[in-house]
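Student: In order, the protein sequences belong to chains U and G.
Okay, so the first sequence: first residue is 0 according to numbering that gives the first Met the number 0, each after it adds one.
Okay, so the second sequence: first residue is 0 according to numbering that gives the first Met the number 0, each after it adds one.
Because the hints were derived from the structure by calculation, they are not lab data.
Everything numeric in this text was worked out from a predicted model, so none of it was measured.
Hints are supplied without guarantee of correctness; some may be wrong.
Below, computed lysine-lysine pairings styled on DSS-like, alpha-carbon distance capped at 30 Å [said to hold, decoys possible]:
#1 K192(U) / K20(G)
#2 K192(U) / K149(G)
#3 K31(G) / K192(U)
#4 K73(G) / K147(G)
#5 K73(G) / K131(G)
#6 K73(G) / K192(U)
#7 K170(G) / K149(G)
#8 K311(G) / K27(G)
#9 K120(G) / K192(U)
#10 K255(U) / K142(U)
#11 K172(G) / K131(G)
#12 K311(G) / K262(G)
#13 K120(G) / K131(G)
#14 K186(G) / K48(G)
#15 K20(G) / K185(G)
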Amino acid sequence: MRWLARRLPSGRTLVTSVPYLWLLVFFLIPFVIVLKISFSEAAIAMPPYQPLLHWASDKLLQVHLNLGNFAFLVEDNLYWRSYLNSIFVAGVSTLLCLLIGYPMAYAMARSSPSTRNILLLLAVLPFFTSFLLRVYAWIGLLKNNGLVNNALMALGLIDQPIQMLQTDFAVYIGMVYSYLPFMILPLYANLEKLDLTLLEAAADLGCRPWQAFMKVTLPLSLPGVIAGCLLVFIPAVGEFVIPSLLGDPGMLMIGKVLWTEFFNNRDWPVASAVAIALLLFLVLPIMYLDRAQSRANEDGEHN
Amino acid sequence: MATSPRATQQKFQPWTDPDAKPYVRIDKVTKKFGDFIAVDDVSLDIYQKEIFCLLGASGCGKTTLLRMLAGFEKPTTGRIFIDGVDMTAIPPYERPVNMMFQSYAVFPHMTVEQNVAFGLKQEGLARAEIAKRVAEMLELVRLGQFGKRKPHQLSGGQRQRVALARALVKKPKLLLLDEPLAALDKKLREHTQFELINIQETLGVTFVVVTHDQEEAMTLSTRVGLMNHGEIIQVGTPSEMYEYPNSRFVAEFIGSVNTFEGKLIEDEPSYVRIHSDALEAPIYVDHGVSSAPGATVWAAVRPEKIQLSRDKPADADNWAYGVVQDIAYMGDVSIYLVRLDSGKVVRVTQPNVYRHADDNFTWDERVYLRWHASSPVVVTK
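Just chain U, with the same shape it has in the complex:
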């Protein structure tokens, strides 16, 4: 028995291996496949790209690494304009989510425990319906003879419908509406933990309520702000459904470009290169920030 116990992995290893296995199967392996495709050449075949490895003769294995897909991304300004526009739209959406979500999370954290649970339920309630259906519903609200325009006309505020659908405005509405809960939840979790005697201490030391907020609540909630912003910004950059359904068809978004390359042009290698480049654009700055933050924390401990 002892012989067996020494050779079997411990319970701790078993438990921690589950998420690693999950990430390996559903993230790392697909990522490697996409990375592989991004270095191959397009072909009219099934699948529509040429293999990287090729037996030239019995004993000669050739590796074809096609860097042309990445070069193409740099040469054609469609791609980097799409990247920049996506980052801009995602940035503005994140900022709007923060401006709307922070007061909501704050109000939730400060309400009585029973109200708090109801508000929390309301914040996650949209998830009970499909994301796609909820975005479609906005078409019904925003179109020219939709609910909003009809209501404004009935009230006599406008004479003819305002063009809202297929504008950037509609995209921002859809983005903020869809991603707001991802901002509220981490902020709420953070603000709810705040020790209220710290605010009393600030008041005791001469802070008016808004000063106490700026000097105590806000800095202490920064981890929640960062978590919420990342949770909104990262999926928003690659967002495809909202700009397709609500936005101007000419709107340049990298998610739409990827879709077009993949399905309309059937150019899997370029589509993969677009995806890899997007990943690098997002992950590298975040990793750098994370490093910088942990370094700052360590510095504090060694002083």
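Given chain U, work out where chain G should sit, using these hints.
Tutor: Leaving out everything else, chain G in the frame of chain U:
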């Protein structure tokens, strides 16, 4: 009971001076939370440079009273004056009062220096002035080398001193301390008590301290206010509270005491005699008591004021006879629990004067108890 370091300062007694102006005046203050009365019609005068302790069990209203002084709670009725100014409606950030919180409430995202400088920055003082005062204050609380540390890198005792420095650096008229030593271990607590008194004497700030620990209250304070159910039961110096309690509640809350319920059988201006069913001999007290003959009274005798002996006392009064039921050796004293023939258990403490005491009383030994006629305190409620 630890000797109070205040003993050297017996002359500091502004409350006995009819001309002295109270620095803090709590005037008929009541605080209700819904139907619950947390503070019930409390009036209290506190003088400049006092260390005034509000003592009581948890839920007695002492913290609510302190929070009203800080401005975190508004009295339902009544007024609060500090240095002659009505503070009742003044918000906490405009009061010349600072508080040291029980949890210390040190800002976790700031260094020690930033914590201490916080209140001064809020006042808008010049940078150089702030740096100077922060450095002085950190020196005073012996945190000079720790200025750049974050609170999570400090021990509990160091965090406590940060909280103290942060409150004192503003030079408040009044410093409020909510259970200042409760989170410290016993040795550090005793040490810090004396440090607090030294700092208070150096700066001359008036302290109001809330505590549930009677020993802490006795050591720190010039005067103690004992609270129960939102009311102040008695206010007095530590020795007044101990030697002249005005009720059984005070006698039993502060220190240990043996109370004998009885009836006045002789009631003269210069002495009284009390018969208690618990004792064979009557209790003789060498001063008069304002109560009617036949009334039920309680005679309270402190354990250290009772002597044990093997011989029967010669006096007719103030003795009892019983069996040693339990002994607790505490080092400096031993505590004897003596069961009288009536069934009543009396607590007696005897100093351990000699290192080798083969002659000490032992378990199941029959002993006589006696006390001096000045020892019992007679209370009528």
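Student: Please write out, lowest number first, the hints stated earlier that are contradicted by the structure.
Tutor: As far as the earlier hints go, 1, 4, 5, 8, 15 are violated by this structure, in ascending order.
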